[in-house]
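Going from the first sequence to this note's numbering is simple: count from 1 and add 242.
Check the hints yourself; a few may be wrong.
As the list claims (entries may be wrong) - With a straight-line Cα cutoff of 27 Å, these simulated BS3-like cross-link-like pairs (lysine-lysine) come out:
#, residue 1, residue 2
1, K453, K279
2, K255, K339
3, K1065, K1102
4, K339, K861
Said to hold, decoys possible - Now the in silico label distances, taken between C-beta atoms and shown as ranges:
#, residue 1, residue 2, range
5, E525, R658, 47 to 57 Å
6, G276, G1033, 26 to 36 Å
7, P908, K996, 52 to 62 Å
8, G276, R465, 34 to 44 Å
9, D951, A1087, 17 to 27 Å
10, E525, K431, 32 to 42 Å
11, R815, A355, 17 to 27 Å
12, P513, S700, 53 to 63 Å
13, G1033, G272, 47 to 57 Å
14, L433, D709, 43 to 53 Å
15, K431, H842, 30 to 40 Å
16, A355, P908, 22 to 32 Å
17, R465, G392, 23 to 33 Å
18, D1077, E472, 52 to 62 Å
For the record, the hints were derived by calculation from the structure and aren't laboratory data.
All figures in this text were calculated on a predicted structure; none of them were measured in a lab.
For every residue, glycine included, the Cβ atom is placed at its ideal position computed from N, Cα and C.
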Amino acid sequence: MRERYEPSEIETKWQQRWTDAGAFAVGDAGDAPGREKFYLLEMLPYPSGRIHMGHVRNYAIGDVFARQLRMRGKTVLHPMGWDAFGMPAENAAIERKRHPMEWTYSNIAQMRAQLRQLGYSYDWTREIATCDASYYRHEQAMFLTMLERGLAYRKRAIANWCEQCQTVLANEQVEDGRCWRCGGAVVMKELLQWFIRTTAYAQELLDGHTKLDWPASVLTKQRNWIGRSEGAEVRFGFDRPVANESSFSVFTTRPDTLFGVTFVSIAAEHPLAHALAEGAENEAEVLAFIERIRVEHRTRRDEGDLEKEGIFTGRYAIHPLTGARVPIWIANFVLMDYGTGAVMAVPAHDERDFEFARKYALPLKVVIQPEGVADLDADALTEAFTGSGRLVGSGAHDGLPNDDAKSAITAELVAREAGRGTVSYRLRDWLVSRQRYWGCPIPVIHCAACGVVPVPASQLPVLLPEDVVITGEGGSPLARHASFVNTTCPTCGAAARRETDTFDTFVESSWYFERYTTPHEATRPVEPARARGWLPVDLYIGGEEHAVMHLIYARVWHYLMIDLGYLPADAPREPFARLLCQGMVCQEAFYGTDPANPAHRVWYYPEDIELRDGARFAKDTGWPLHSAGVVKMSKTKRNVVDPDEVVAKYGADAVRLFVLFAAPPPGQVDWSEEGLEGASRFLQRVWRIVRERREALVGARPFAGGPLDGAARDLRRAVHRTIDRVSRDLGERLQPNTAVAAMMELVNALSAFKPERDVDAAVMREGVDALLSLLSPFAPHVADELFEALGGEGSLLARGWPVVDPEALREDAIELPVQINGKIRGRVQVAPDADEATVLAAARAEANVAAHLEGRALKKVLYVPGRILTLVV
RNA sequence: GCGGAUGUGGCGGAAUUGGCAUACGCGCCAGACUAAGGAUCUGGUGGGGUAACUCCCGUGAAGGUUCAAGUCCUUUCGUCCGCACCA
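Using the sequences and the accompanying hints, generate a full structural model.
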């Protein structure tokens, strides 16, 4: 055995042995009777080229659980794959003249090797690359089933268009008016696009939350995104028909304020907007307004506060209950894609309507009086009254509390056939088509005679052609690829055009976890019964940035797979039972500012910075540098740490241990080389304990039980306490950081322990064996190496998880704190199960306690066995 | 503006059911070993007071419940994140 712990010498050796032994390959969930299945999944990476520290952390968290669960006897599915379609591959093609396919697969090879070097325990026999036709063909088949059932459809819509990516984006993929991937400005364009009907599942997405053990923040983000509002749809009549319509609907969450309506506002995109303007005195002006708002709408609004603007159409609506004529306005703040695109305006009780009414001198009508306030005067209002109160000026409903009036007025609307109670959602259907090359082709054909024709199942997959020229200009290369585009109609045989849009890459990531369950199934996305055995994913680990993108799409796709028969009807309805969102890996970043252009920040790598008199300067330019604080590692801020470098220097085990110890999984890890050294030091201490006491340890006979005393007893208690703590920290608590702390304490105890008798060696051996087993999910290479050095056969993986001996945990005596009036006044040694009288007597005998009790009447005694004795005087 | 999370030593963090605040690590200080130490080992390390002592204070701030509060309740401030004219 080596004097010093040299990670580089042992890590490749063990990686090879695990692979050779097929240690992580798993069959079906039910293969080992009596063993429970556990599906542990981490979000699959995009093969960008090299792994970064965020990957290292995400996968270390997953691996520590996966390895521990296997040792506990579970049948563990722990797969890995590649989210391999997407824009960066096309950019690489343009910038580096490499084919996206070649670039992607070479990145995959590189990253796979990096993941192996970190010792992650994946079942590589199930590896998936989503750009492989054997994967995406099933996606095409599922899409066609959706199309057949009306769950996918094509429509002309105003969509988010990213200029830089030259493609449309789904609502979820626009952040602050910018593209989620490239940060480029997003504009609105009216285009013919493909959608998946996620809104059909809006309510189920909400209801399913009760079944999920997910972080509150993620559930809240989803809830807000789905945006359920209860209210009423109210039909207003037109004073005279508009485009053959005699009425139109508004959506409101405040039917209680219906009698306060003084005008109606509709969106510029409303289908009746043009017809309303027709024949108006100022028709041209209204039409110009409509056109202006339609164009500037979304992008300007996302920039912040947009001033409310509107124009009177010259037309009137008829109030469904009072029959009053109220003016119809077109207003820039009314959204077409929410509710009905039209709102009833109640300026006395709605802030937006109030602002609009004041600007255009429209009347207000108070219909809710707050309790205990004299008459609210509509003219004197300085802001809308949105609180609760009793109805006034509302006909038969006067005097009702406004909460009750909601249902009362809705009931009246129903009785008069002028409306109904309804629910509105903010969630929109998922726009899945993209005008990009490197994606899964949407399997339809456009025929002049037959319209949109699905590609027949026999012709699937529609392969993405490889012989394309990618220039980044002139739209999708597919549209210019004649032999791809030109085809015949499957129905009538006439010449037809193939669809050239591809799917959003979020389509691939919406079902990859289903595919992992039966990755080699040739004719179907999954083999239903075997997939059913593995599902749901018991623990899913990944970043919170996917809270409303991936995690909504994947839930919907899972519902769809069940409802379309790809999964059994009795499959768990929710795909991810438990979710763990890991935090970022951060490091301080430094920048200088160019004197010639002070707005321009230039970021510096740590090695390009020199320290003089406690201040930082750029080595090249000499500029003084400023700290941007501890921020997420990113290439642009040049505060990244390359995993390969630190693995080469400290070993994969130390790197894994550090990222697991530095913070609990949801927290942020501040990168620190000193901290990493601390982790490495810990592993060296473990190494030293084994090396220095190897002889005694190897010669020790197994601990056979029986009474112990003194230090051996204490050590054994420490060992079994550690087993208990680590087991619980890796189990229900999902806190590897505290498990590491517990192991460090055990190592401290083992270092201090001096074996003198045979029984001491036996106890020490039991402790070291337990420590190595507990450590192996964290630092698997060094744990296996030390196990072997002590004469162990094979890997610790096969050895099982240590079991707590309750006898070892038992305390002969504990130190019990004694509190008097809430303050600790002494400690007494008592048996852990001592009764109150014994403990009280012991406390009275303690000098300091006695002094505090002197001359005072004991009023109350509270004894929490094993915890504390509290006396009140 | 709305919603969520969060606030504990110099730093990362621990405290599992209301029961000994600061485990574990980093950093720092002292000592040992040494020709040497940026290696290793040992000890110390919230603040204050004292001759000494389990003497006092202390979990962003203020109040409350309780024998007992980092933990529960009310109010408030700060930070981070998400959404943002959603009718």
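Structure-based check of all given hints:
Our distance criterion of 27 Å between C-alpha atoms is met by K453 and K279, whose separation comes to about 19 Å. Distance check on the hinted pair: K255 and K339 sit about 38 Å apart at the alpha-carbon level, beyond 27 Å; violated. This hinted pair checks out: K1065 and K1102 have alpha carbons roughly 15 Å apart, not beyond 27 Å. Under the criterion of a C-alpha separation no larger than 27 Å, the hint pairing K339 with K861 is inconsistent with the structure, at around 34 Å.
Look at E525 against R658: about 33 Å separates their beta carbons, and that is not inside 47 to 57 Å. The hinted range of 26 to 36 Å is satisfied by G276 and G1033, whose Cβ atoms lie roughly 30 Å apart. A C-beta distance of roughly 41 Å is found between P908 and K996, which places it outside the suggested range of 52 to 62 Å. One distance hint, 34 to 44 Å for the beta-carbon pair G276 and R465, holds here, with the actual separation near 40 Å.
The hinted range of 17 to 27 Å is satisfied by D951 and A1087, whose Cβ atoms lie roughly 25 Å apart. Distance hint check for E525 and K431: the Cβ-Cβ separation is about 27 Å, which falls outside the suggested range of 32 to 42 Å. Evaluation of the 17 to 27 Å hint for R815 and A355 yields a failure: the beta carbon distance comes to about 38 Å. Checked against the hint of 53 to 63 Å, the pair P513 and S700 fails, with Cβ atoms roughly 40 Å apart.
For the hinted restraint 47 to 57 Å between G1033 and G272, the CB-CB distance of approximately 36 Å leaves it violated. Between L433 and D709, the C-beta spacing of about 27 Å breaks the proposed range 43 to 53 Å. For K431 and H842, the hinted distance range of 30 to 40 Å is satisfied, since their beta carbons lie about 32 Å from each other. Between A355 and P908 the beta carbon distance is about 30 Å. The supplied range of 22 to 32 Å therefore holds.
Distance hint check: the CB atoms of R465 and G392 are about 27 Å apart, consistent with the given range 23 to 33 Å. Our hint of 52 to 62 Å for D1077 and E472 holds, since their Cβ atoms are close to 58 Å apart.
In summary, the numbered hints that this structure violates are 2, 4, 5, 7, 10, 11, 12, 13 and 14.
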